[in-house]
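Protein chains in written order, with the working numbering: chain U, 1 to 177; chain V, 1 to 177.
Please keep in mind that the hints were generated in silico from the structure rather than gathered at the bench. Since we're looking at a predicted model, the values are computed, not measured. Beta carbons are placed, not taken as given, at the ideal position from N, Cα and C, and that holds for glycine. Incorrect hints may appear among the rest.
Calculated lysine to aspartate or glutamate pairs in the EDC-like style (CA-CA distance at most 16 angstroms, straight line) [claimed, not checked]:
1. Lys58(V) / Glu97(U)
2. Lys3(U) / Asp120(V)
3. Lys113(V) / Glu72(U)
Far from chain U, some chain V residues (derived; all Cβ distances over 10 angstroms) [stated by the list, open to error]:
4. Lys3
5. Ala6
6. Gln33
7. Pro65
8. Glu97
9. Ser111
10. Trp112
11. Ile123
12. Asp154
Covered, in the sense of this in silico footprint (three residues per stretch, anywhere, with C-beta under 8 angstroms from a C-beta of chain V), are these stretches of chain U [said to hold, decoys possible]:
13. 57-65
14. 124-130
15. 134-147
Protein chains: 2
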Amino acid sequence: MRKRIALDMDEVVANVLPKFLDAYELTFGQRLQRADYWGKKVYDIPGAEHLREVLRDKGFFRDLPLMENSQEVVQELHEHYDIFFTTAAMEFRNSLEDKYDWLRDHFPFISWKNFVFCGDKSILRADYMIDDHPRNLVAFQGKGLLFTASHNTDENRFTRVNDWLEVRDFFRQERGL
Amino acid sequence: MRKRIALDMDEVVANVLPKFLDAYELTFGQRLQRADYWGKKVYDIPGAEHLREVLRDKGFFRDLPLMENSQEVVQELHEHYDIFFTTAAMEFRNSLEDKYDWLRDHFPFISWKNFVFCGDKSILRADYMIDDHPRNLVAFQGKGLLFTASHNTDENRFTRVNDWLEVRDFFRQERGL
Numbered sequence: 001m002r003k004r005i006a007l008d009m010d011e012v013v014a015n016v017l018p019k020f021l022d023a024y025e026l027t028f029g030q031r032l033q034r035a036d037y038w039g040k041k042v043y044d045i046p047g048a049e050h051l052r053e054v055l056r057d058k059g060f061f062r063d064l065p066l067m068e069n070s071q072e073v074v075q076e077l078h079e080h081y082d083i084f085f086t087t088a089a090m091e092f093r094n095s096l097e098d099k100y101d102w103l104r105d106h107f108p109f110i111s112w113k114n115f116v117f118c119g120d121k122s123i124l125r126a127d128y129m130i131d132d133h134p135r136n137l138v139a140f141q142g143k144g145l146l147f148t149a150s151h152n153t154d155e156n157r158f159t160r161v162n163d164w165l166e167v168r169d170f171f172r173q174e175r176g177l
Numbered sequence: 001m002r003k004r005i006a007l008d009m010d011e012v013v014a015n016v017l018p019k020f021l022d023a024y025e026l027t028f029g030q031r032l033q034r035a036d037y038w039g040k041k042v043y044d045i046p047g048a049e050h051l052r053e054v055l056r057d058k059g060f061f062r063d064l065p066l067m068e069n070s071q072e073v074v075q076e077l078h079e080h081y082d083i084f085f086t087t088a089a090m091e092f093r094n095s096l097e098d099k100y101d102w103l104r105d106h107f108p109f110i111s112w113k114n115f116v117f118c119g120d121k122s123i124l125r126a127d128y129m130i131d132d133h134p135r136n137l138v139a140f141q142g143k144g145l146l147f148t149a150s151h152n153t154d155e156n157r158f159t160r161v162n163d164w165l166e167v168r169d170f171f172r173q174e175r176g177l
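Can you make the complete structure from the sequences, with help from the hints?
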């Protein structure tokens, strides 16, 4: 029986950060540098809290860029594991169709049967979970991998993967390669 | 720790059958009687296969009637268990917003954190599952309850509940009442 990987979307396969940097620049007239947001979310910067509201906009999740190397590595993993895209979409009703269409466009080799839009991820059962939120990994009963994002840099309870090539290498090691 | 119930939507809390009977009548000019469809799906009737396509229509899932007593019993269960609505929505992209809005309207006391739209339900982890599809209960590791629907009348591998009052009674017994 193939093992299963529960794979988060935002900040794992879909890069949310550039649109927040754009929104910040549009509002405040300056482009944030890495040192300005590293260690937190862009909307945790004092005065920028309202930027989080863009997550409610229809279309926000439709044109997010792919994380580098994510397509190729998910394709490789798909040959050896059952991949489920598991995303906490339910806070944002307007994200549902956008996320669905985005997945169909960028990962056409993963069946819609393996899409899971949820809220509380503790409902999931899988062997591995790749996620940028420690709270999701805490509630998970399998092996959790923390995908590095600006807001989780201080976290040290989980195996960390900094990019998709590290994800690839982790699972190659799991398969004894 | 409260136990969890994974609760299906279609043919469990949302009554899909009347709209299929309407669609059949509109196409074939006659109202089906229970004996015509009992033991199968309406769209399993020879000549009526194309009726299944109405499931793709925007709006189809938005105005489904509630199953009798479902609201009151889910409210009672909600006091003792964590209720997750777990629905195989992913085959029908156009159903996502409709199902979301329908749940918010009819079950406002259940948080969006507890909505799960998926395809293959074997990804779910819970203590109980109430579902009309045997395939979902086969893949489930907790206690499965089969909610009676026209297409599952021959199934005998699971504890059967014929209506929401039987669901209520099952869980009252589980709690020793």
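Status of the hints after comparison with the structure:
no.: 1; hint: Lys58(V) / Glu97(U); in the structure: holds (12 angstroms)
no.: 2; hint: Lys3(U) / Asp120(V); in the structure: holds (15 angstroms)
no.: 3; hint: Lys113(V) / Glu72(U); in the structure: violated (31 angstroms)
no.: 4; hint: Lys3; in the structure: holds (13 angstroms)
no.: 5; hint: Ala6; in the structure: violated (7 angstroms)
no.: 6; hint: Gln33; in the structure: holds (35 angstroms)
no.: 7; hint: Pro65; in the structure: holds (22 angstroms)
no.: 8; hint: Glu97; in the structure: violated (6 angstroms)
no.: 9; hint: Ser111; in the structure: violated (7 angstroms)
no.: 10; hint: Trp112; in the structure: violated (4 angstroms)
no.: 11; hint: Ile123; in the structure: violated (5 angstroms)
no.: 12; hint: Asp154; in the structure: holds (25 angstroms)
no.: 13; hint: 57-65; in the structure: violated (count 0)
no.: 14; hint: 124-130; in the structure: holds (count 3)
no.: 15; hint: 134-147; in the structure: violated (count 1)
Hint violations for this structure: numbers 3, 5, 8, 9, 10, 11, 13 and 15, all remaining hints satisfied.
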